[in-house]
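Participant: Those sequence lines, one after another, are chains A and B. Position one of the first sequence corresponds to residue 1 (the numbering used here), numbered consecutively onward. Position one of the second sequence corresponds to residue 1001 (the numbering used here), numbered consecutively onward.
Please keep in mind that the hints were generated in silico from the structure rather than gathered at the bench. Bear in mind the structure is a predicted one, so any value in this text is a computation, not a measurement. We put the CB at the ideal spot given by N, CA and C, even for glycine. Among the hints, erroneous ones may be present.
[Said to hold, decoys possible] Heads up, incomplete: computed chain A residues facing chain B, CB under 10 Å, no partners named:
#1 14
#2 21
#3 23
#4 25
#5 28
#6 29
#7 35
#8 37
#9 46
[As the list claims (entries may be wrong)] With a straight-line cut-off of 30 Å between C-alpha atoms, the simulated DSSO-like cross-links for lysine-lysine are:
#10 4/A <-> 20/A
#11 1163/B <-> 1177/B
#12 1216/B <-> 1206/B
#13 53/A <-> 1189/B
#14 1189/B <-> 1163/B
#15 1177/B <-> 1189/B
#16 1216/B <-> 30/A
#17 1189/B <-> 30/A
Listed here are the chains, written in short residue letters.
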Amino acid sequence: MSKKLSEYSIDELLLMQRNKFLKLLQKTIKELRYLLDPDGEIADELNREEKTKK
Amino acid sequence: MNKYRLVKRDARYYYFDNEAGELYRSPIHCYDEGKISMPEHERDADGYLCLGQYVYLYIENRNNATYVYPSHDVYNYIPSKRSTTTFSHILQDDLVQELKRRIYRNLDTYPPSRLWEIERYMLGGYDNTATSVVQLAQIAGESLLPDESETIEYKCCEVELNKPEILTAIGAFANNKGGTITMGVSDDKKVVGCERLIEKYGSMDKFSNMLRNIIKQSTNTNLYLNIQIEFEQHAAHTLCHIRVPRSNEIVLVKNELYVRSGNTSQLLVGDRMLNFIIQNHK
């Protein structure tokens, strides 16, 4: 059985809010990566650069 | 042929595939000509497909370009500009690509509010025009202007026209290779515009006349005749470019000799001044 919202402590609620926010942020970044680089060319370039650095 | 949800409509259509998580942008207009009608609830008052509805699309690769257009088999949507390319056209533009590269790299460092603003703009008004690119750069806080150098100098709009910084830079450029002073950009390459200065003098013409006059009064040569003053609209701001050519004579600003060294203008005195004059003008 899942808890009702009123049964959660304030700390738990805050943590949920934070997690929700972080998830949303990650989703936005993922979407933006796609919008900026639909063909994956920039991502390839960055990968190549990282490899040469190593 | 795949099914996509319509998420945005202006000059272009945007389709988002929920399952694949991919967004497609297509320069076509979907509308109902009335012969074979789309269902009433999927159509708005103008006969266009409502946002949030699904449409079947063909995605085709021809001549190294991606074409996206709605299927005639599913609805009788008429693609009006079928031959316009989508992604490959955007990728060819160096400036756009550079901006996107910078934003892509810095995504992790942006504050959330900026991320959402960028996303909103990318999904909304963003197209491949210069204005749009400049606006996106401003939202992202990225500057597309080159660094200050031997031939490029930025001056903020707070600087009065007859303040010495501009004049010394003009003199230094003329004594070296020439260069461009851009007014309305701060030293950290933020565009602030020089609208206030233009307003102060009434109009762009009066502003440039005033500038020429000041240069004429402060220098010893006819340099002011060869200087080009151009205005550029940079999103919401106006920038003023003062293009200074290389001068054959030594240019003195208020009887002082300035030369360009790296990205600064330096005053030459004594032996250094004499050496410069001997080396450059035998």
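Participant: State for each hint whether it applies.
Facilitator: So, going through the hints one by one against the coordinates:
A distance limit of 10 Å between C-beta atoms decides the matter here; for residue 14/A the minimum to chain B is near 17 Å, and the interface restraint is violated. The restraint placing residue 21/A at the interface with chain B holds, with a minimum CB-CB distance near 8 Å, inside the 10 Å limit. Because the smallest distance between the Cβ of residue 23/A and any Cβ of chain B comes to about 12 Å, over 10 Å, the interface hint for this residue is violated. A distance limit of 10 Å between C-beta atoms decides the matter here; for residue 25/A the minimum to chain B is near 6 Å, and the interface restraint holds.
Hint status for residue 28/A relative to chain B: holds, with the closest Cβ pair at about 5 Å, below 10 Å. Because the smallest distance between the Cβ of residue 29/A and any Cβ of chain B comes to about 5 Å, under 10 Å, the interface hint for this residue holds. A hinted interface residue such as residue 35/A counts as satisfied when its beta carbon comes closer than 10 Å to some beta carbon of chain B; here the least separation is about 5 Å, so the hint holds. For residue 37/A, the interface hint holds, since its Cβ comes within 10 Å of a Cβ in chain B; the closest pair sits about 6 Å apart.
Because the closest C-beta pair between residue 46/A and chain B is about 7 Å apart, less than 10 Å, the hint holds. Proposed proximity of residue 4/A and residue 20/A is supported: the alpha carbons are some 17 Å apart, at most 30 Å. For the suggested pair residue 1163/B and residue 1177/B, the alpha carbons sit about 23 Å apart, so the restraint of at most 30 Å is met. Among the hinted pairs, residue 1216/B with residue 1206/B is consistent with the structure: their alpha-carbon atoms are about 15 Å apart, no more than 30 Å.
Distance restraint check for residue 53/A and residue 1189/B: the Cα-Cα separation of roughly 29 Å lies within the 30 Å cut-off, and the hinted pair is therefore satisfied. With a C-alpha separation of about 20 Å, the suggested pair residue 1189/B and residue 1163/B falls inside the 30 Å cut-off, and the hint holds. At most 30 Å may separate the alpha-carbon atoms for a hinted pair to count; residue 1177/B and residue 1189/B meet this at roughly 22 Å. For the hint linking residue 1216/B to residue 30/A, the alpha-carbon distance of about 56 Å lies beyond 30 Å, and the restraint is violated.
Between residue 1189/B and residue 30/A the alpha-carbon distance is near 29 Å, which keeps this suggested pair within the 30 Å criterion.
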